[in-house]
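Residue numbers (my numbering), protein chains in the order written: chain A, 1 to 119; chain B, 1001 to 1919.
Please note that a few of the clues may not be correct.
[Said to hold, decoys possible] Once the Cα atoms are required to be at most 30 Å apart in a straight line, the calculated DSS-like pairs of lysine-lysine come out as:
#1 A:K18 <-> B:K1749
#2 B:K1766 <-> A:K65
#3 B:K1719 <-> A:K115
#4 A:K18 <-> B:K1752
#5 B:K1213 <-> B:K1155
#6 B:K1645 <-> B:K1658
#7 B:K1401 <-> A:K88
#8 A:K88 <-> B:K1155
#9 A:K65 <-> B:K1752
#10 B:K1175 <-> A:K111
#11 B:K1452 <-> B:K1401
#12 B:K1195 <-> B:K1177
#13 A:K93 <-> B:K1401
#14 B:K1175 <-> B:K1115
#15 B:K1719 <-> A:K111
#16 A:K115 <-> B:K1807
#17 B:K1569 <-> B:K1645
#18 B:K1159 <-> B:K1075
#19 B:K1745 <-> A:K115
#20 B:K1766 <-> A:K68
#21 A:K88 <-> B:K1891
#22 B:K1075 <-> B:K1115
#23 B:K1253 <-> A:K115
#24 B:K1401 <-> A:K18
#25 B:K1252 <-> B:K1159
[Unchecked claim] Not the full set, but computed from the structure, chain A residues with beta-carbon under 7 Å of chain B:
#26 D10
#27 K18
#28 A20
#29 E70
#30 G72
#31 M90
#32 L106
Note that these hints are calculated values from the structure, not bench results. Where is the CB? At the ideal position from N, CA and C, for every residue including glycine.
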Amino acid sequence: MKRVLIIDDDEAILEAMKIAIQREGYEVHTYIDGDNIIDKILFVKPDIVLLDLLLSGKDGSELVKEVKAENGLSQVPIIMISAHPSAKDMALKSGVDHFLAKPFDLDELFKVVGKFTAS
Amino acid sequence: MCKFISAVDQTEDAVFITDINGTIEYVNPAFIKMTGYRASKAIGQTPSIIKSGEHDSRFYEKLWSRILSGKSFRKVLVNKSKNGKHFFVDHTITPIKNSSGEITNFVGIWKDITKRKEAENEEKENLIRYTNLFTQSPLSIQIFSPDGVSIKANKAWEKLWGIKYSELDGYNILKDKQLKEIGIMSYIQSAFKGKACEVPVIKFEPAKSKFGKANGYKWIKAFIYPIKDRFNKISEVVLIYRDATGEVEAEKKLETSQKQQDAILQSVSDGILVQNAKGELVYVNDAAAKLYGFSSAKKMLFLGGKDLSKILSKCGLRNESGEKLKFDLLPAGEVLKGKNIAESTITYLDKDTKETRWSLLKASPIYTDKGTIEYAVNVISDTTAQKRFEASLKFAAEASKVISSSLDRESILQQLTDLAVLEFADWCAVDIVEDGKITLKALANKDVKKIKLARNIRLFYRPDLYDRCGIGKVIATGKIKHYRNFELKKLEKIESKKLRSMLKRIGFTSIIIVPVIIKRKVIGSITFATERYKHKFSKHDLQIAQQLALQLAASLENAQLYEDVNNEKKRLDNLVSNVPGVVWETYPSPDKGEQKISFVNSYVEKLLGYSTKKWLGTNFWINIVHPEDRERVVREVSEIFKIGKGVIRFRWIAKDKKVLSVEAQSQVIVDGSGKPLGMRWVATDITEREEMERRKDEFVNIVSHELRTPLTSLNIYSKILQDTLNPEEKEKSNIYFENMIKQVKRLNKLVKQILNVSSVSTGSIKLNSNYFSLDKLIRNNIDGNKRLNDRKIVMKGKTSKKVWGDKDYVCQVVDNLLENAVKYSPRSSEIVVKLRSGADSAVVSVKDHGFGIAKQYHKTVFERFGRVYDQVDRTYPGLGMGLYISREIIKKHGGNMWLKSESGKGSTFYFSIPYNKIN
């Protein structure tokens, strides 16, 4: 079973996404903050990370850079989800593997998750 | 015997006695006296001693034979005295016989008739002389019998009339009707009555009298006298006359020419006055007489006599400076003193019109043959009109000086009135209408002391627009008023006693009130007046007054215009300097080299901290544009210049290094023919506005994010909910879920649009461009969009090249256009999408058959939140952002978006996308 890590500061989204993805047959872990994100990734060992860009307290792109710089974590696909379509460039620059603008369609989410966890 | 001898001795006749042989025996004393021979010498001689030799021998033979026959011999003899002198004697020789009858002696008696003979000879000579005189006289002489019949005429007569005397058949002067008609018969008759007389010169036409064939006419000057015999009885009447035609006609001519000359001299307007060498008046014409105060030349000659100085002292002529003229100082006086020509100007008061008049007096001498001055001729020409003209010219010149020297209304008025009283009038006042009231604005008088009096008068006399006369009436009607003879009687109507007495004290003679009219509106009046004893305003003066009024009107209009312009300028300056923006002008136009700022308002100091001086003379405004904006600004300036006007936004760096955002509107300055000269700019500080906009966008951004997150979860939950339902329940409630999801999607889309608007308006759209096929994109869009499936959409044409752009954004634009077409046109109608290739770009059009868009909305449909209204002003649903976003997207691609539409006839929206990337 593929493992999905979702980090979002909005509890409602976090919960909805967890339910939806679980129903698709994934093991879902969620965190409401981005603190110690590397530890969290190391602990969960996800096949894919869904990350909200603007986590309270920390800049999402900095987080991405940190994660991608960490040994052994550079191969973990990180999907950036944001309510700011304009953040797409910045996100791609920081090294994320895909960008999803809120609000997104569930089918689209499933498609992306499926694609990056296929290998 | 003794007695006898004594008698013989005493007789005056010479007596001598001889014997029969003729030897003298006795002589008496008379003989001695007559012959000069003494008795002793004569006795013993024969009478042959006194032979004169005048008589021949036959005479003596006859004598002797007669006396020897005893008869007496009597004959006139011419003898010769002892001293050789001839003398006539009546000679009688008588023989003396003795008683036997024999002749013994002869007695000779000589009567001395020498004196008688001499008298007889003289008479003869006289007759010859007179006959010659008669026949050869150059004068015509005609002799008449006492009953008037012509007896004789001389050659001169024949010559005069051109006929022979013989042709004059029985002419009787006393019966000549012509002479009677002429009226000289009485003269003729008196001659026939014995009185010599001179006949007046007559014009005689022989044809009218019985004068034979003679014709023509002659002027005749005649003398007629009677000739009487020794009994004092008239024997003949002599008429002597001469032809006076030439002289009469010359005289007539002379007379005529003199008359003409006189007529000319009388009729010329110039006065002519002739003085003799003594300075006495010898000729004057009417004009000159009038000048000197006489009604005619005759009266002047009659009343003034010859003494000119006396006349002069009475008539009040003055020189130009107003001094009384003395005779000696007149030009004629100088001429008589030997000057060739002299002249001077004189002034006098016309007694009829009471006007001051001017004359130029010019004198020139007339010389005799000997070169001495005989006369001085004065020509006096009236130069009043010229003087007045000069005065009016001077006045006009001064007036225009005043006008041009000042644009201050009050000072113009005062200066003009001051001028008017110098040359033209005694009084001048200007009244101007202010707020419907007539107000005295300027007043002048020759006599400064009187101004106070006049101002006092105006305290009592306040002209009103409802007045029936005077200033009020003139201003109300705009018609000039000329009181040539101002009657003091009129003043009686004035109620105020004080005013009446003040006006009487001034005693106006003549008044002119002229309206001052600007643009057909009476704005006031000028009043001119003359005082007691001064001249009355003539028509000429009226013209000058009108001219002045015109000039005043012009100057006031100028002043008004100047004031208006000044006020306007002040207002504009004020406005411009108070505009919360920088206003500046640059010259020349950008295509004519480097521009320089020629004007900038003072706000620039407030906004940017730079002084206006810093701006002028350079193109400073460009220098302080933010370096990032500068290149674009320079490009946009030249674009604006091409179009004529435009708006650009850029950042300025103030003196304190603060960055200011400004929006600058520009207008090209053109000359009369539309040629560009420069540019005018108005820049307003939009830093705050931009900040506000930014904050608003940020707000929208945040709000929409806040909306998106719950929407995302709502979306997910509704889907999950739908999935988790069992099939039975699902069937029942599926339609509700569908609706719910549809509404969530719609909410999603709205939020997306709001976000698009904010990103478009902040310019934060980032294109992810590639070359792609527009045809394919549109085909996919039509096919893939389920919502459009039930509508007939026709795709026509194609593009030949791929375009450069962001597929997602372009897709959004196509989506928007198709959605609009569906939304705003009837279900049954088709929608036509057309593609074609332009030169640099591909063009897509979407045509619907909807209600169309009225022209007035063609611009607003592309504006942010622009709405389209149909005929009944119903708005159509939607936020009105789609077209705005679409156009901004297309613009970002370097393309364009426009529409063609008419109300009720459907709409066609176009957009173009360049094939290649636009810098």
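Any hints from earlier that this structure breaks? Give me their numbers in increasing order, please.
7, 8, 10, 13, 14, 18, 23, 24, 27, 29, 30, 31
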